[in-house]
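J.: Starting from the known structure of chain V, fit chain S onto it as the hints suggest.
Residue numbers (my numbering), protein chains in the order written: chain V, 1 to 559; chain S, 1001 to 1289.
Hints listed in this document are in silico derivations from the structure and should not be mistaken for laboratory results. Note that this is a predicted model, so its numbers are computed, not measured. You may find that some hints are simply not true.
[Unchecked claim] For the chain V half of the interface with chain S, some residues (derived, Cβ under 8 Å), not all of them:
(1) Gly30
(2) Gly206
(3) Phe209
(4) Pro229
(5) Ala238
(6) Ile242
(7) Ala251
(8) Ala256
(9) Phe403
(10) Gly407
(11) His408
(12) Thr409
(13) Gly421
(14) His422
(15) Asp426
(16) Val430
[Unchecked claim] For each label pair, taking beta carbons as the anchor points, the in silico distance ranges come out as:
(17) S/Pro1010 - V/Leu427: 18 to 24 Å
(18) S/Gly1176 - V/Ala429: 41 to 47 Å
(19) V/Ser447 - S/Thr1201: 49 to 55 Å
(20) S/Glu1138 - V/Glu317: 37 to 43 Å
(21) V/Thr296 - S/Gln1129: 57 to 63 Å
(22) S/Val1277 - V/Gly145: 23 to 29 Å
(23) S/Arg1211 - V/Leu427: 36 to 42 Å
(24) V/Ile373 - S/Pro1289: 28 to 34 Å
(25) V/Ile43 - S/Arg1211: 27 to 33 Å
Note that the Cβ used here is the ideal one computed from N, Cα and C, for glycine as well.
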Amino acid sequence: MDRSLFVTGAAGEGIQTIGDVVARCFLRHGYPVFVSQEFESRIRGGHSSVRIRVADSPRNAPRADADVLLALNPSAEAHYADAVCADGLTISPQSLTAEANHLGVPFVPLATTHGGREVYANAVAAGSLCAAVGLPFAVLEAVLGETFEKRGDAVVRANVDSARAGFDEAADQLANEKTEIPPRRDMTYAFASAHGTIPLAAAAAGCRFIAAYPMSPSTGIITAFARHPELGVFAEQAEDEIAAINMTLGASAAGARAMTATSGGGFALMAEGLSLAGMIETPIVIVVAQRPGPATGLPTRTAQEDLLFAIRAGHGEFPRVVLAPSDPQDAIDLTIRAFDLADRHQVPAILLTDQFLADSSFSLDRLELPVEIPADHLADPTEMDTYARYAPSDGGASPRLAFGQGGHTVVLDSDEHTPEGHITEDLKAVRPRAVEKRLEKLRRLRSEIRPPIADRTDDAELILVGWGSTKHAIAEAVDLLRADGRKVGSVHFAELWPLPKVGPPAAKHTWTVEGNATGQLAQLLRGELGWPIDKTIGRWDGLPIDARFLVQHLTEKTP
Amino acid sequence: MTKIEEYASPVENQWCPGCPNYGILTALKRALAGLDLAPHRVCLVSGIGQAAKLPHYLKANVFNGLHGRAIPAAIGIHVAHPELKTIVSSGDGDLYGEGGNHLLHALRRNPDITVIVHNNRIYALTKGQASPTTPRGERTRLQFGGVEADPTQMLATAIVHGCTFVARGFAGDIDGLSDTLARAIGHRGLSLVDVIQPCITWGHHPVDWYRERVVPIAEEHDPTDRGAAIGLAIDVGDRFPIGVLYELPPAPTFAASYRERVGDGPMVDLPRIDRSVVEQHLDRLIVSP
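For reference, chain S alone in the conformation it holds in the complex:
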């Protein structure tokens, strides 16, 4: 078994003391240990923002790329090395705002990756502007008169697109979150977990305000019921059902046909195609009388 200590990173943590991001970090370590995934078998991918620093605080392979572009990088990694557990961990501004288009198209492709969204409903690292999930009317350090747009509904969008694993978690509930993350990472295909992560510096409400408003999803909920799942997924602003909203049996994953044709392992282990394959093409370009 892989022990939690094996994920220890020597990097100094830059998060605010007491930030619920620590809860997500702990829950992720527990989930990985529970799945017995040694650090070298995991690839953490992130964009930019406080949440996107998480990969530095957990020993694993890391691709800490550009703001908003974690998902396309993760897709490339997944295609080139399908045996790695590729996990995107970034913020709501990064994944729903700057990179929203990539998430939308990832839902169509169904790569075998997990996307963890640290949803603090604010741009924290840039000091307090609205994010795509900030509630309408909320005043920010840029939207001084209040946000004049509705929050994105990405979890509902994911369900509409047939994402086969959609969940909401709460950073203040480490036990529940680590279970949800373990299920998401173990699921074959794209799994999306939106984690309520109250911002203790720029947010409008303290952690306890959220704690009073998160509600575990009832056991009677049928996670294959798309309508019910969408109902639970809609962000109404002050009530947050947590747990697995929607789960379907795995669907064909991205690049499956290529793997069937060319080989199942990492691309780095594939031998080069024989030069004769190319030379046959070049020969076909010759025109003789």
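Only chain V is shown next, with the shape it has when bound in the complex:
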């Protein structure tokens, strides 16, 4: 089984609730779902969709086509009609037509009759969708019960009655062509988004401070800390991104593990602060959730356009770390790693995500913290008589004290500084060594960075190289192409800077797959590692890369 359901409507119409309820129905039935979202930058109206993909085993990648389209209004039905598969089904409120593959379910009238209020139209819609895909009503009833429990029995009852009406109406219309009902299974999945697990991992890594300015698609990160005070993280909405990164640096300098989160435009404002982090060698973690640019671009859409920006942002030369998670478990591991690398090497660490990753929910067999979470790396103030913050040290990173530790004073300066941290213009003895000291950390980091992950490359004639959020879509494309007899493999970069020193894969052709128009990873691999990249499959329309998109591309343009 691999079914794709689109729940579509206008912003504010409730498609997220419907999507969440139906996704949970499948999970309760023992099947993994992948839920992605596609929406416009507005509060009401327009067209948006929640896309549920259900399969026998986790398929954590998007599908661009729909086996079932649920449209809450005629405009959505027209807008998404092209996405429906040839033998797909559409459910909409339009009155029953003779047309095959169309169910007309009067959502609002049924809600008024059975639930007593128009607002239960979404329950009617959820009911009709469950019937169309063959889920037993009892599963939906249970999920509605959990979802609306806190709102009281009357609300649960009205939802269940309305859902029943939608379910029965759809089942009646489908009488002669009953959908196959997947058997219930005893399978358990962790259902999460990467932006849902990043804050949890940060708290586990000892993060105590976040300052951020709201910006799609990054806002969920600070919101999670504010919503869950038990995580113990102080969360402040800064007046702008410049304040956010400078607050974060202040907190870190005073001994707190600290982070911020933003998107490309906000990260542009943070660029000077990033450079400051490099200069004062103060660790911070920055989540950069990409969206299409330039400028305001497409605020609620996805892209991988800021790879080179993340690696190059900031004036002057200083080391940094750039890591790009691909799913919620990867996000846990890389968040903890970002805090550790930042702390040990006293550098800024960037977690590069995107809207697709931020707003998608994955089903995973398990979701867990690593057994060992590295401790903080501050020095012991009792072990030193005098203290110089930037004392020459093996590996570049000097023993770091925070402000107020022991009886020492700690001096940090954005100007070029002496080992004691004081402003200097000594161009002979101090400046050259200070530059070398900072850049020595880059060399150390490079030796620690993990190589990319190769998948089925041994016999591959074509290798697809990707990074970050496209990992699962590329893996699926390799599956499909291999099933078709094509010798294709993949290489995935989760750790992007410093680039690990690895040679090119030994395949006839090496292509990159990227959510941008200029082949940013290809530029890096050619320039930094000398890899012979033949070509880039790019996508820059604001939608996520899916396996069929890649297969179609490769079928049309066989290397």
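T.: Same frame as chain V, but now just chain S:
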């Protein structure tokens, strides 16, 4: 007691000989010594400019950050380490111009920090352009025909925002300034001290011109009288009431609710949250049939 000599710094001073900044440095040392604040208990925060070099000339913890960004850094420091006396010392261009937005929002938050503005009414380190406090009409090395904007009124703005300690000082009056700074640093919550610091290189008037025009605030002034305080705070250009303009009992400080909930000390001393807290969250993400 902490002696003034304990704040001595080995760093060569880069200020112009005779600059009134030296007066601010001396007054600050006296204020800190008077409060018995040992160097390691103080964190000086600055941006960029001649004034922003002050932290290098006084032994303490130092965060000499970016132009205009001293206040957000100080807020982060204050949240992470509330026991430090965090003092911002920077210029008018830095704190009222490049970083004006941060000061405005700091007034809303009321962090327990002191902000000392070296107000010389000019951009000195960049050699003589107008600052946000340069009087209208004054000719500069960039505004050749005279400044075509009015000066900011940040002290009045601070009072309007309910800042619980607002003062003006004069760098040429070290005794009075050290008293004012000691009161500001001792005050719980955001305290703002604008210090008239004539620029002897780019300024339009010598120090004595200012000395003739600074007027100690009358003893009858009620520092809780907001209207009267605003009247004294307005910069009219050629008359400068000095002393405490406005003072209210301390208001709740920034991050107080977090401290009540999580712990009062420095964040570096807080144990990590137990991993089970996070694991409970992860468990809640599991959906079973």
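J.: Against this structure, judge whether each hint is valid.
T.: A quick look at each hint next to the structure:
{"no.": "1", "hint": "Gly30", "result": "holds (5 Å)"}
{"no.": "2", "hint": "Gly206", "result": "holds (5 Å)"}
{"no.": "3", "hint": "Phe209", "result": "holds (6 Å)"}
{"no.": "4", "hint": "Pro229", "result": "holds (6 Å)"}
{"no.": "5", "hint": "Ala238", "result": "holds (7 Å)"}
{"no.": "6", "hint": "Ile242", "result": "holds (6 Å)"}
{"no.": "7", "hint": "Ala251", "result": "holds (4 Å)"}
{"no.": "8", "hint": "Ala256", "result": "holds (4 Å)"}
{"no.": "9", "hint": "Phe403", "result": "holds (4 Å)"}
{"no.": "10", "hint": "Gly407", "result": "holds (5 Å)"}
{"no.": "11", "hint": "His408", "result": "holds (6 Å)"}
{"no.": "12", "hint": "Thr409", "result": "holds (5 Å)"}
{"no.": "13", "hint": "Gly421", "result": "holds (7 Å)"}
{"no.": "14", "hint": "His422", "result": "holds (5 Å)"}
{"no.": "15", "hint": "Asp426", "result": "violated (11 Å)"}
{"no.": "16", "hint": "Val430", "result": "violated (13 Å)"}
{"no.": "17", "hint": "S/Pro1010 - V/Leu427: 18 to 24 Å", "result": "holds (20 Å)"}
{"no.": "18", "hint": "S/Gly1176 - V/Ala429: 41 to 47 Å", "result": "holds (43 Å)"}
{"no.": "19", "hint": "V/Ser447 - S/Thr1201: 49 to 55 Å", "result": "holds (50 Å)"}
{"no.": "20", "hint": "S/Glu1138 - V/Glu317: 37 to 43 Å", "result": "holds (40 Å)"}
{"no.": "21", "hint": "V/Thr296 - S/Gln1129: 57 to 63 Å", "result": "violated (32 Å)"}
{"no.": "22", "hint": "S/Val1277 - V/Gly145: 23 to 29 Å", "result": "holds (28 Å)"}
{"no.": "23", "hint": "S/Arg1211 - V/Leu427: 36 to 42 Å", "result": "holds (40 Å)"}
{"no.": "24", "hint": "V/Ile373 - S/Pro1289: 28 to 34 Å", "result": "holds (31 Å)"}
{"no.": "25", "hint": "V/Ile43 - S/Arg1211: 27 to 33 Å", "result": "violated (59 Å)"}
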